[in-house]
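K.L.:
Listed here are the chains, written in short residue letters.
Number of protein chains: 4
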Amino acid sequence: MSGILNYLTFTLTSTNEYSDIPDHFTNCFTRIDMSSQFEPRDPDFKSRVMQSFSEQSVMQTINASLVTVEPGHVEIELPYRRELTQQDGFIHAGISSTIMDSACGYAAFTLMPPEARVLTIEFKINLLAPAAGDHFRAIGKVRKSGRSLFVAEADLYAMSDETEKLVATMAGTLMAVNPQKPE
Amino acid sequence: MSGILNYLTFTLTSTNEYSDIPDHFTNCFTRIDMSSQFEPRDPDFKSRVMQSFSEQSVMQTINASLVTVEPGHVEIELPYRRELTQQDGFIHAGISSTIMDSACGYAAFTLMPPEARVLTIEFKINLLAPAAGDHFRAIGKVRKSGRSLFVAEADLYAMSDETEKLVATMAGTLMAVNPQKPE
Amino acid sequence: MSGILNYLTFTLTSTNEYSDIPDHFTNCFTRIDMSSQFEPRDPDFKSRVMQSFSEQSVMQTINASLVTVEPGHVEIELPYRRELTQQDGFIHAGISSTIMDSACGYAAFTLMPPEARVLTIEFKINLLAPAAGDHFRAIGKVRKSGRSLFVAEADLYAMSDETEKLVATMAGTLMAVNPQKPE
Amino acid sequence: MSGILNYLTFTLTSTNEYSDIPDHFTNCFTRIDMSSQFEPRDPDFKSRVMQSFSEQSVMQTINASLVTVEPGHVEIELPYRRELTQQDGFIHAGISSTIMDSACGYAAFTLMPPEARVLTIEFKINLLAPAAGDHFRAIGKVRKSGRSLFVAEADLYAMSDETEKLVATMAGTLMAVNPQKPE
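If you read the protein sequences in the order shown, they are chains A, B, C and D. Here the first sequence is numbered in this note's numbering, starting from 1 and rising by one per residue. Here the second sequence is numbered in this note's numbering, starting from 1001 and rising by one per residue. Here the third sequence is numbered in this note's numbering, starting from 2001 and rising by one per residue. Here the fourth sequence is numbered in this note's numbering, starting from 3001 and rising by one per residue.
Note that these hints are calculated values from the structure, not bench results. Just so it is clear, the structure is predicted and the values come from calculations on it, not from any experiment. Every residue gets a Cβ at the ideal spot worked out from N, C-alpha and C, and that includes glycine. Heads up, a few of these hints could be off.
Which bits of chain B does chain A cover? Going by a derived footprint, with three or more residues having C-beta under 8 Å, they are [unchecked claim]:
#1 1125 to 1132
#2 1142 to 1151
#3 1167 to 1178
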């Protein structure tokens, strides 16, 4: 049975529906997205993320909006605009990076202590298909939450009326910076 | 309806096991691995991967073995050996890269036509925790399958008696090279 | 004799100006960028780059300009604007990526045949310091020129009245796409 | 005047040998590596690097040797051996990564305080050509030296009797870890 169904089964188990799944079977689950396991250190993480996002002037300039904020998981949407395109009329990879980096950064930020600031150390983006669509959604998720370093990944989907397509992926490193003693 | 949900529906329907899953639940599925959707172009992909793996001399040198070969999905295991460590006794990041790169490369290779050779264009690795454990498993999965370019990701787990820990992630680009007209 | 020294010798010989440079000095040269060795396949590469750049609407939106176009080497400048910043008032890493990616892409484009289009496959950016300054210059250079694949690197400098600081580096893969037979 | 030209001027001035170099020539210098500007915090950095390198068991396993250790600059050599190859007889990208990662890591380590340990956070490698040759040299250089974070780059050259070829490039992030308070 596939890992995908395992995940399904496990999830269902936790909802008290399929309690007889053997243990050796659930071991496969560790490749599941684990964002839901994260405990935010600051109960006010949502308002902290929203406040910081509102201070990213570039988000208003490109008309991006924050649509999901959960522990270790943030989603940002961007409508298509001709003003953001490269020479073929697709969204420029740098603009895709802009919302994916912020999705990763704020996903990490949800897990940081209240006094911390978030800084991107590095990221890498793979472009899988032209960024063509009516709007775009960057889904950022934390994969590792450390004391000061965080690793997050983002997927970018291009959406039109009927379709949804994965067009880019990102993996990046974020840092929690204490304003009292910056790196 | 989104492509992801279409896929989910298909998977669920085709197994006939969980037909009564409520809609709000399927929203969780957006992180599901989709490798099983890939159709190999060569029905003999498994023997082709096994043959090529057996020709990677470095795999015997480090004692790595191929443990799973599915369409767009390959797993490689490596036992811990002191001879492969860096200065703190952990597996060297380059050795972790060796099995992760081969896991990505062969995951892509499962989807290539019979005459193709596989070439790594680039990869990036994030190290999440020291590679300490009894043995290690690199799980490589294709995220995009193109005509000549493939994007794959790998996770590396360190395993001991009771525990399993994600210690590294990789994203890379692979190329199908036709020996008659190489890049 | 090494390829690097061959190159140096060639360069020096071909200028006939510095034939008596002592050995200890030529050692400095081993890190010299070698883009000037590239022969453009299209003598009209400059106008082709300028035309394509003018079609990148995002460049006008962020007010970036093309300042240097040489074989395998392109520079793009961006003035600081509050509208392009993240939460601390620095230029957002995605905007830095926008001009660095275009600098890499057009550096590769200078070496492509006239009919080709350029596509970014992937890039990675390391952020070395906050992008604070009056204006910014992305310097993109080709490191490998292949038949269809190119590898380029970019450095981003933040400049103020008296100072110039390296704030980010990028390495990326670009592809020459023939519109008649796209990847 | 730009920081780069300041640096150049300083270098040239400090040697008092080439005060009359024409402007068009000094333009070549803008790509010069600046590692020699780094001041090691520990005068014993060389023996510290050599000690740590000797503790990387994998280096003996693959027969790599440390050939240059300067502030912010380390070179590692590896002879070709069939035991380290992938399926086409070239050195496996993971083995190339092994010496490039160590070259980056030790380049950063030369600049760390005496009590620090060095940890790789992430790296990305671009493969420019097959790693074919008699031996290989990884040249690692620091591009940014911070309080705890370092960014370094490495180039990998494949060498044979008469030729030397750039076959791979790496950019990575390293961390100075204080054993008393690890990340």
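K.L.:
Report holds or violated for chain A covering the region 1142 to 1151 of chain B, Cβ cut-off 8 Å, minimum 3 residues.
P.N.:
holds (count 3)
K.L.:
When I compare C-beta atoms, does the region 1125 to 1132 of chain B have three or more residues closer than 8 Å to chain A?
P.N.:
holds (count 3)
K.L.:
If you look at each residue in the region 1167 to 1178 of chain B, do at least three have a Cβ nearer than 8 Å to any Cβ of chain A?
P.N.:
holds (count 3)
Comparing the model with each earlier hint shows no violations; every hint is respected.
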